[in-house]
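Participant: Sequence:
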Amino acid sequence: MTRWTLFLAAYSYTLIHNPGKNLCHADALSHCPLPVPVEDPAPIHAIFEVNDLNLPITALDIAAHSSRDKTRQQELSSIQGCLLWGTRVVIPAKLQGPVLKVLHEGHPGIVRMKALAHSYVWWPGMDAQISSWVSTCQPYQATRPAPPSSTPARWEDAGAPWSRLHIDLAGPVHGRTFLVIVDSFSKWIDLALLPSTTTLAITKALTRVFVTHGLPDTIVSDNGPQFTSCEFEVFAANLGIRHALTAPFHPASNGMAERAVRSVKEALERFGPIDWHSKLSRYLLTQHTTPCTTTNKSPAELLMGRRLRTTPDRLHPHYTPVTPLASDSQARKFALVYARNYSGHPLWVPGQVVAITGPKSYRVLLDDGRTWRWHINQPRRHWRLATDDPRCPPSEPVYPPSTETFLPSEPVYPPHVETFPE
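So the sequence shown is numbered by the numbering used here: it starts at 14 and just counts up by one.
What the hints contain is simulated information worked out from the structure, not anything from laboratory work. Please note that the accuracy of each hint is not assured.
[Stated by the list, open to error] Okay, derived cross-link-like pairs now, BS3-like style, lysine-lysine, Cα gap no bigger than 27 angstroms in a straight line:
| id | residue 1 | residue 2 |
| --- | --- | --- |
| 1 | 114 | 127 |
| 2 | 292 | 217 |
| 3 | 310 | 278 |
| 4 | 107 | 127 |
| 5 | 278 | 292 |
| 6 | 310 | 292 |
| 7 | 278 | 217 |
[As the list claims (entries may be wrong)] Label-pair restraints from in silico Cβ distances:
| id | residue 1 | residue 2 | range |
| --- | --- | --- | --- |
| 8 | 253 | 353 | 50 to 56 angstroms |
| 9 | 292 | 371 | 39 to 45 angstroms |
| 10 | 226 | 371 | 31 to 37 angstroms |
Ideal Cβ placement from N, Cα and C applies to all residues, glycine included.
Just need the whole structure built from these sequences, with the hints factored in.
Facilitator: Structural data, given as structure tokens:
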């Protein structure tokens with residue numbers, strides 16, 4: 014008590030007596046507390062499960078949230094008895110059909126009709142009804158554009174060279190029409206100039222090509238009248254060739270021939286009308302010898318099993334040039350001969366060998382200045398008197414023997430005859 018008196022001496026206070034029976038814990042600060050059992054809290058996961066329970070939503074919840082929903086309070090309204098969602102009129106179920114008819118007066122498509130409807134009206138399921146309405150509109154379906162192109166189907170790979178051919182007509186280019194033939198296996202392109210575009214002209218051109226490469230198993234063409242005629246079907250049937258037609262008005266089905274036609278047309282346009290035949294031949298040779306990007310081999314290698322020799326091959330050091338022509342021992346350069354005259358008289362014309370053009374062929378210069386090219390069996394040796402040769406002394410006249418026609422391998426001349434040096 015003394016301690017509390019000293020502590021409270023600095024304060025002005027009034028003591029109020031409270032009986033001890035009203036203070037159950039008056040001695041709590043001076044005595045040890047009694048042990049009190051404490052219950053453990055519920056497990057954490059159980060508490061979470063209780064808090065995550067999806068309680069059913071009631072009309073009261075909707076009413077409470079609707080009154081606080083700022084985004085929807087101004088969207089729905091009623092003006093003169095018409096319900097509006099924003100600026101769009103909510104159409105009753107019985108009027109939805111007439112409204113759809115009005116919206117489809119211009120026969121718009123699904124997307125355009127939806128855009129028009131979203132500007133004026135709304136009702137539940139409106140977009141689905143618009144799609145169904147447009148899909149059943151006969152005028153729209155009859156005039157609608159083509160659907161998106163599907164992924165083009167590829168032809169199966171040809172199992173052997175010259176097994177499946179794709180053909181098409183190219184032209185007219187510079188007034189000429191060509192038959193383009195493409196081998197599916199080797200990508201070999203062949204051309205045939207057509208005098209006309211009739212079935213007979215096409216079958217003749219194909220026959221000439223078949224003479225070189227043989228008969229194919231299948232021919233693929235478009236639906237041109239030349240290929241769908243009875244004559245062409247009989248032509249293919251007689252040769253045992255299957256004729257496959259592509260889908261009408263779908264050139265991509267015969268894409269290999271169409272691509273070859275475009276390449277040929279581009280080449281002909283670049284060549285121009287002058288000397289197009291030789292230029293086109295060089296184009297085909299280049300195409301036949303150029304490796305394909307898909308096979309890494311040239312069409313000639315795949316079709317013929319060998320590389321075609323071209324001008325660039327001569328650049329290689331291993332290229333073997335043509336063996337030089339060997340001169341025949343029976344005729345020498347600058348030798349005097351009689352050349353056989355096949356155009357009239359006299360039967361033999363005097364001349365002189367001026368060049369050796371082959372193992373058995375020579376070029377003969379006649380006395381009148383003309384040059385003839387003859388085989389070794391056609392001219393004969395020309396013998397002159399010594400007095401006829403200005404290089405021989407006039408005092409040594411000699412006549413040639415009458416039975417000798419060509420110089421022997423080791424010619425032996427009479428001692429009084431002088432021949433021209435070799």
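Participant: Work down the list of hints and note, for each, if the structure agrees.
Facilitator: A quick look at each hint next to the structure:
For the suggested pair residue 114 and residue 127, the alpha carbons sit about 13 angstroms apart, so the restraint of at most 27 angstroms is met. In summary, the hint linking residue 292 to residue 217 is supported, as the alpha carbons are separated by about 24 angstroms, within the 27 angstroms threshold. This hinted pair checks out: residue 310 and residue 278 have alpha carbons roughly 24 angstroms apart, not beyond 27 angstroms. For the hint linking residue 107 to residue 127, the alpha-carbon distance of about 19 angstroms falls within 27 angstroms, and the restraint holds.
Distance restraint check for residue 278 and residue 292: the Cα-Cα separation of roughly 13 angstroms lies within the 27 angstroms cut-off, and the hinted pair is therefore satisfied. For a cut-off of 27 angstroms, the pair hint linking residue 310 to residue 292 stands: about 24 angstroms separates their Cα positions. As the CA atoms of residue 278 and residue 217 are separated by approximately 22 angstroms, the hinted pair is consistent with the 27 angstroms bound. For residue 253 and residue 353, the Cβ-Cβ distance of about 53 angstroms falls inside the hinted range of 50 to 56 angstroms, so the restraint holds.
Against the hinted window of 39 to 45 angstroms, the Cβ-Cβ separation of residue 292 and residue 371 comes to about 31 angstroms, which falls outside the hint. Restraint check, residue 226 to residue 371: a C-beta distance of roughly 33 angstroms satisfies the suggested window 31 to 37 angstroms.
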